[in-house]
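Trainee: Chain residues, written in single-letter form:
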Amino acid sequence: MTTSTNNIPAIVEIGRTEARDTLRQRWSNYFVLIYAAVCLIIAINLRDSILNATVRYSDVATGIRANYPANWLVDDDGDYVFQVRDASRVGFKTAIIVDVQPLGLATTTRNLLDALSLDRAQTLSGYRTLEIDETYILPDGSTGTAMLYTYVNAEVNPVLQTFPTIVEGLDVIAVRQEQAIIVTFLADARTFDEERPIFERFLNALEF
Amino acid sequence: MRTSAPRLIAPPVEEQPIYPYARVWRSLALFGASLLIVTMVMWILDSFLLDIERTLYTPIAMGVALIPAGLWALFALLPERGALEPRRGLLAVFAVSALVANGVTLPVIEGVLQIERWLPLADLVTRIIGYTVAVGVAHEISKYLVVRLLTWDSLLRTRMDSIAYVTAAAVGYATALNIVAALRDPAAPAAAAFAVFGTIAFSLAPGLIVGYGLGEARFSNPNAFLLVISFALAALIFGVATALRSNLVNAGFVLVEQVQTSAPSPIFGLAISAILLFGMSIIVASLIASAERREAEIRAGEAK
Numbered sequence: 104m105t106t107s108t109n110n111i112p113a114i115v116e117i118g119r120t121e122a123r124d125t126l127r128q129r130w131s132n133y134f135v136l137i138y139a140a141v142c143l144i145i146a147i148n149l150r151d152s153i154l155n156a157t158v159r160y161s162d163v164a165t166g167i168r169a170n171y172p173a174n175w176l177v178d179d180d181g182d183y184v185f186q187v188r189d190a191s192r193v194g195f196k197t198a199i200i201v202d203v204q205p206l207g208l209a210t211t212t213r214n215l216l217d218a219l220s221l222d223r224a225q226t227l228s229g230y231r232t233l234e235i236d237e238t239y240i241l242p243d244g245s246t247g248t249a250m251l252y253t254y255v256n257a258e259v260n261p262v263l264q265t266f267p268t269i270v271e272g273l274d275v276i277a278v279r280q281e282q283a284i285i286v287t288f289l290a291d292a293r294t295f296d297e298e299r300p301i302f303e304r305f306l307n308a309l310e311f
Numbered sequence: 012m013r014t015s016a017p018r019l020i021a022p023p024v025e026e027q028p029i030y031p032y033a034r035v036w037r038s039l040a041l042f043g044a045s046l047l048i049v050t051m052v053m054w055i056l057d058s059f060l061l062d063i064e065r066t067l068y069t070p071i072a073m074g075v076a077l078i079p080a081g082l083w084a085l086f087a088l089l090p091e092r093g094a095l096e097p098r099r100g101l102l103a104v105f106a107v108s109a110l111v112a113n114g115v116t117l118p119v120i121e122g123v124l125q126i127e128r129w130l131p132l133a134d135l136v137t138r139i140i141g142y143t144v145a146v147g148v149a150h151e152i153s154k155y156l157v158v159r160l161l162t163w164d165s166l167l168r169t170r171m172d173s174i175a176y177v178t179a180a181a182v183g184y185a186t187a188l189n190i191v192a193a194l195r196d197p198a199a200p201a202a203a204a205f206a207v208f209g210t211i212a213f214s215l216a217p218g219l220i221v222g223y224g225l226g227e228a229r230f231s232n233p234n235a236f237l238l239v240i241s242f243a244l245a246a247l248i249f250g251v252a253t254a255l256r257s258n259l260v261n262a263g264f265v266l267v268e269q270v271q272t273s274a275p276s277p278i279f280g281l282a283i284s285a286i287l288l289f290g291m292s293i294i295v296a297s298l299i300a301s302a303e304r305r306e307a308e309i310r311a312g313e314a315k
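Going down the list, the sequences are from chains A and B. Going letter by letter, the first sequence gives residues 104 to 311 in the numbering used here. Going letter by letter, the second sequence gives residues 12 to 315 in the numbering used here.
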């Protein structure tokens, strides 16, 4: 600090004296930052490769081939061609169900949707159709039909003491050679949008 | 004949140089040992003596989550007041580290890396790699940046300063994680105490290695790779220890003749955490002692 003749500060220097880092110290810091950035990229790649890993499924009888997410459980014992479920998920297990229905000459896709809705309204609690899109574009560019709906799923095992889950479902229907392929995606309504890309990837790789 | 008492010359008294700083290893040992004792007491009380209502889990878990911060303040922060040359800014490092953990690192780990969706179900090797590159690096870079930015220029005076500040950062960081865990999913008191000790040990033990690297980089001017090697080693130790601990502690499911399940072994997990914390402290302490001895020898050689 310097003072003028009448003892009033003229220049006040503010700041601290900083020890300058050596070149090695600077580079050691940069190396840590670079290493952390590289690890973050590796971690994201690892995440994507594990989350998007798939297993091949093929059904000779119906000619359906699909890639379903690895670690999901496949089941082909029900009244459908097959279904895969994310058994690791807490609460409602996200599922993709593939079914085939024959279409008569007089039967339209709309008739099929109505039949599905009627059936579900009787078996599922609080079933509501939310939206029907008859111009749904399938991955191969052709037009299909999609129906968005919701219902309440209650755990059948009373010992588990869980709250009912609001489930959101999406049916995508494509007609091939007088057969309707119904691909259904079911997820907890809270995570439906977050998990929908899994269904989109499944649909993209589906062959029938 | 005259006799006189022999005149004795008193040998020169070697005065012990006064150590002007608070003792870091002593604070760390007291902190670790008392936290271990508190954890064991909680376990004994919860398992054998008390029947605690579930409604009390959240406040108890919150209290347990704050115990490490209290012990750190008692054994590390308070002695600084009595030291001739107290370390400044320890509380700031603690607080900023906790804020970074809650505001930056945790959202990145959960929102961007989404480890809960893919890591717990992966095989052992993938889990080791995943916990190292995703979680270990995220934890360590957060603490490293806090200590590096807040202390490097003006607060680091000796190698032990880096250990003291890294300890503050690690305890602050782990406290934030423990509070979040207590609020989200309050466990029974014994389980909460085990989890708190585990989080502290897994934050502090790798942090000490980074602290050693920081101290060396600051005062020894070593190879430029030493710091990144210590950083990578810290993340790797976190990854290996986390993956192995979950393998050894969690309940298993065995198919041998008939379906058998085994109960989780939290005591085993506590033992692993304690061995990691105290083992790493001893290793880093001996490395720092060796570096200081080497430096003293060099200085003595130059003086001659």
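Check the hints yourself; a few may be wrong.
One-sided and incomplete, this derived list gives chain B residues near chain A with beta-carbon spacing under 7 Å [said to hold, decoys possible]:
hint: 1; residue: 141
hint: 2; residue: 144
hint: 3; residue: 145
Now the in silico label distances, taken between C-beta atoms and shown as ranges [claimed, not checked]:
hint: 4; chain 1: B; residue 1: 62; chain 2: A; residue 2: 204; range: 26 to 32 Å
hint: 5; chain 1: B; residue 1: 113; chain 2: A; residue 2: 180; range: 17 to 23 Å
hint: 6; chain 1: B; residue 1: 300; chain 2: A; residue 2: 192; range: 47 to 53 Å
hint: 7; chain 1: B; residue 1: 113; chain 2: A; residue 2: 246; range: 32 to 38 Å
hint: 8; chain 1: A; residue 1: 234; chain 2: B; residue 2: 110; range: 42 to 48 Å
hint: 9; chain 1: B; residue 1: 257; chain 2: A; residue 2: 231; range: 39 to 45 Å
hint: 10; chain 1: A; residue 1: 180; chain 2: B; residue 2: 69; range: 42 to 48 Å
hint: 11; chain 1: B; residue 1: 52; chain 2: A; residue 2: 192; range: 33 to 39 Å
hint: 12; chain 1: A; residue 1: 180; chain 2: B; residue 2: 261; range: 46 to 52 Å
hint: 13; chain 1: A; residue 1: 145; chain 2: B; residue 2: 92; range: 41 to 47 Å
hint: 14; chain 1: A; residue 1: 145; chain 2: B; residue 2: 51; range: 44 to 50 Å
hint: 15; chain 1: A; residue 1: 266; chain 2: B; residue 2: 110; range: 18 to 24 Å
hint: 16; chain 1: B; residue 1: 257; chain 2: A; residue 2: 148; range: 38 to 44 Å
hint: 17; chain 1: A; residue 1: 231; chain 2: B; residue 2: 290; range: 56 to 62 Å
The set of hints was computed from the structure by calculation and includes no laboratory data. Beta carbons: idealized from backbone N, C-alpha and C, even for Gly.
Trainee: Against the structure, test the hints numbered earlier, and report the numbers of the ones violated in rising order.
Mentor: Those not satisfied are hints 4, 5, 7, 12, 14, 15 and 16.
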